[in-house]
Amino acid sequence: MRIRYSPLAQQFADVDIVFDELRDLIKSGDFTLGKPVQEFEQLFGTTVGVKHAVGVGSGTDAIKIPMRAMEIGPGDEVITAANTFYATVGAINEVGAKIVLVDCDDNFCIDVDKIEQAITSHTKAIIPVHLTGDAAEMPTIMKIAGRHKLRVIEDGCQSLMGDYNGKRVGTWGDAAAFSMHPLKIINVWGDAGIIVTNDDEINRRVRLLRNHGLRNRDEMEIFGYNSRLDSTQAVVGKWILRQIYSIVEGRQAAAAYYDQGFRDIPGVRIPLRRPATKQVFLLYILFVENRDALLRYCLEHGIEAKVHYPIPLHLQDALKPLGYTVGAFPVTERHCQETISLPVDQHLSRAEQDYVIETVRQFYNGKCS
Amino acid sequence: MTDFKVPFVDLQQRFVEEGEELLACVERVLAKGHLVMTQEVSEFEQQVVEYTGAKYCVSCGNGTDGLMLALWALGVGKGDEVVTTPISFVASTGAIVHVGATPIYADVRADQNIDPAEIEKKITPRTKAILPVHWGGRIADMDAIMDIAKRHKLLVIEDSAQSMGAYYHGKHGGTFGGAGAISAHPLKNLNALGDGGMLLTNDEEVARKVRLYRNHGLQDRDTCVMYGVNSRLDVLNAEVLKFRLTRLDSVLSRRRRNVSIYQDKIRAKQVYIPPVRPHEQHAYVMFIVQAENRDMLKAHLEKCGVQTLVYYGTPLHLHPAAQRLGFRRGDLPVAEQQADRVLALPHHQHLTPERITFVANAVNEFYGA
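Protein sequence lines, in the order shown, are assigned to chains A and B.
For the first sequence, my numbering assigns the number 13 to the initial residue and increments by one for each residue that follows.
For the second sequence, my numbering assigns the number 69 to the initial residue and increments by one for each residue that follows.
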């Protein structure tokens with residue numbers, strides 16, 4: 013049996029509806045910030061429950077542009093989680109600010125008890141990352157931000173529709189970033205991202221920044237970027253966003269089924285499922301013993317398992333100038349050794365999941381016990 | 069939009085000509101099942117190498133990003149001055165500002181491209197690079213510019229956004245200096261279904277750095293060797309561009325034929341059409357004339373059912389965003405005068421000789437010629 017990581021093939025199986033709309037778009041020629049983009053933004057804002065949603069070129073840009081809108085730049089410090097994807101720190105570097113990493117907890121989100129000791133007089137913002145589809149502890153983060161007068165930009169790229177205490181990811185901070193990369197919860201057929209905010213001025217400025225700073229065709233108010241959500245991708249995005257509730261429920265059901273199956277396997281530990289959060293499971297991660305051998309065993313048995321991420325961010329060449337060494341973020345470093353990501357999505361069948369569970373059980377019962 | 073007898077672009081006709089083939093491109097990509105940085109992207113890059121004669125082509129998210137990537141890879145940044153033209157789209161200046169350098173404007177010639185004699189006057193000890201723009205599809209005077217660059221040891225980065233298919237002494241735009249950036253925006257000669265761009269260079273090290281930088285600085289999935297951005301050409305667009313590149317020469321020859329009809333039919337002495345020199349092969353992304361009493365001519369043409377556009381009514385140094393650069397009205401007289409006179413007439417590969425004659429007659433009629 014082969015258990016693939018990416019569910020795109022299933023998505024591509026039935027595309028007639030979206031092709032009709034693509035044909036209309038190509039006829040209209042409305043390719044740049046056209047009507048489908050406005051429609052997608054509106055639907056996205058309503059779905060998440062925010063006032064403004066602004067489509068941009070990628071999830072990375074969706075982190076970078078709000079920082080520019082808040083005039084965060086050289087001389088400023090921005091705090092983020094040590095176990096995030098490269099894009100979060102890349103975006104901070106792009107605006108010229110200093111990256112300050114804080115270790116995570118066993119839910120893969122920033123450890124709120126360690127944030128305050130990282131704050132200096134130069135700190136301007138916190139970027140909590142809602143990794144794996146879980147949610148960072150936003151009530152505490154907002155309190156810390158309030159106390160120190162810091163901006164909060166949520167990196168929600170992996171956690172669309174997740175929530176904390178019933179309040180959605182993306183609705184807590186000054187702004188939030190979501191990605192629609194092909195492997196995300198809501199995807200398009202290429203790169204795209206979206207910024208959400210309830211703040212009118214941030215909305216105004218990110219709209220300028222994504223389109224060359226142009227107030228209208230002839231007046232450039234500020235120096236901006238070219239980072240637009242393509243109309244073509246917005247057509248695809250609208251179609252998939254309409255399915256959001258069934259996608260999220262499908263992922264949650266698959267994760268619950270896994271949880272049940274892995275519960276009694278020795279060598280496997282399921283991360284704590286906190287009552288406060290509603291997880292959307294972009295990733296299904298387990299803590300496991302003898303991880304590298306299990307990863308190999310899964311791959312040999314046709315299961316496309318992965319590790320998010322095998323090399324800790326602070327030990328990557330790019331971050332060397334920050335001076336972090338081995339031992340700087342022990343929880344993150346331990347996760348790099350102990351975690352495995354298994355295929356999870358709305359299309360995965362129970363039979364496929366049974367195969368994954370049994371393969372893992374076999375590994376610990378047979379080979380390694 | 070009102071129905072024009074002669075619209076600025078003819079999207080209906082374009083759809084008839086290639087709409088179904090574009091949808092077939094999308095279907096081909098979906099059938100393969102992968103949407104980020106696939107073989108289609110590298111195949112397209114290789115085809116651009118063959119077409120332009122550049123040693124390397126690295127695709128990216130859009131033409132603006134291409135310029136930023138070029139400036140960054142060649143080491144232009146904080147404290148550097150870049151001599152550039154005031155006649156361009158705002159992105160040319162935006163890219164310079166975003167890498168932290170300062171744009172210094174040099175005035176243009178009658179053909180709207182940067183004047184090499186003016187470049188020399190603007191060179192200071194802080195000057196690091198010259199950024200000429202091949203405006204409208206005509207290559208700037210690159211022999212003179214390369215000579216200045218050599219004498220003053222400056223880098224040259226070509227804004228070739230509009231110069232796909234444009235040559236100067238048989239050499240393709242974007243291949244003269246350290247790097248050049250081409251746009252595949254929907255209104256360009258080689259156009260995507262949304263935003264796309266390519267960087268050309270003959271420098272292996274520039275190509276290597278940009279390949280890393282456009283994709284989060286990732287050497288492979290797990291190794292981040294430098295901070296990067298997300299600026300990737302969508303696979304769907306790579307497939308569309310591969311298809312359209314096979315037709316580019318036909319698009320160019322139809323565009324050149326149409327311009328020659330315009331030149332023949334427009335008799336009014338009040339309309340200046342910068343002549344094409346024997347060593348120039350103009351790509352005619354736009355057909356821009358310089359007309360006396362421009363605004364009234366535009367209104368007259370509109371009444372006749374002819375849609376025209378002003379590219380652009382404000383030279384770059386007079387935008388609100390550029391105020392802090394310290395240029396004032398009067399500093400760049402040729403560009404300022406042109407901004408009051410330029411008018412882009414309907415011009416695309418689907419325009420018929422009858423319609424061109426109709427437009428030309430309307431122009432002649434306005435001046436009583």
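What the hints contain is simulated information worked out from the structure, not anything from laboratory work.
Just to be clear, a hint being listed does not mean it is correct.
Unchecked claim - With a straight-line Cα cutoff of 20 Å, these simulated EDC-like cross-link-like pairs (lysine to aspartate or glutamate) come out:
hint: 1; chain 1: B; residue 1: K146; chain 2: A; residue 2: D88
hint: 2; chain 1: A; residue 1: K39; chain 2: B; residue 2: D78
hint: 3; chain 1: A; residue 1: K318; chain 2: B; residue 2: D78
hint: 4; chain 1: B; residue 1: K100; chain 2: A; residue 2: D28
hint: 5; chain 1: A; residue 1: K47; chain 2: B; residue 2: D78
hint: 6; chain 1: A; residue 1: K332; chain 2: B; residue 2: D78
hint: 7; chain 1: A; residue 1: K318; chain 2: B; residue 2: E95
hint: 8; chain 1: A; residue 1: K196; chain 2: B; residue 2: D78
hint: 9; chain 1: A; residue 1: K332; chain 2: B; residue 2: D290
hint: 10; chain 1: A; residue 1: K39; chain 2: B; residue 2: E95
Said to hold, decoys possible - Partial list, computed: chain A residues near chain B (C-beta under 10 Å):
hint: 11; residue: A103
hint: 12; residue: K136
hint: 13; residue: S191
hint: 14; residue: A204
hint: 15; residue: G339
Built from N, CA and C at the ideal position, the CB exists for glycine as well.
Hint-by-hint comparison with the structure:
Restraint check for K146 of chain B and D88 of chain A: satisfied, since their Cα atoms lie roughly 17 Å apart, inside the 20 Å limit. Between K39 of chain A and D78 of chain B the CA atoms are separated by roughly 10 Å; this keeps the pair inside 20 Å, and the hint holds. Distance hint between K318 of chain A and D78 of chain B is unfulfilled; the C-alpha atoms sit about 48 Å from each other, more than 20 Å. Under the criterion of a C-alpha separation no larger than 20 Å, the hint pairing K100 of chain B with D28 of chain A is consistent with the structure, at around 17 Å.
A hinted pair counts as satisfied when its Cα atoms are at most 20 Å apart, and K47 of chain A with D78 of chain B qualifies at roughly 19 Å. The straight-line distance between the Cα atoms of K332 of chain A and D78 of chain B is roughly 53 Å, outside the 20 Å bound, and the hint therefore fails. For a cut-off of 20 Å, the pair hint linking K318 of chain A to E95 of chain B is broken: about 29 Å separates their Cα positions. For a cut-off of 20 Å, the pair hint linking K196 of chain A to D78 of chain B is broken: about 37 Å separates their Cα positions.
For the hint linking K332 of chain A to D290 of chain B, the alpha-carbon distance of about 16 Å falls within 20 Å, and the restraint holds. The suggested pairing of K39 of chain A with E95 of chain B holds, with an alpha-carbon distance near 17 Å, which does not exceed 20 Å. The interface hint given for A103 of chain A holds, since its Cβ lies 8 Å from the closest Cβ of chain B, which is under the 10 Å cut-off. For K136 of chain A, the suggested interface contact is broken, since its CB lies about 18 Å from the closest CB of chain B, more than 10 Å.
Taking 10 Å as the C-beta cut-off, the interface hint given for S191 of chain A holds, the closest approach to chain B being about 9 Å. Taken as an interface hint, A204 of chain A checks out: its beta carbon lies about 9 Å from the nearest beta carbon of chain B, inside 10 Å. Checking G339 of chain A against chain B: minimum C-beta separation of about 20 Å lies over 10 Å; hint violated.
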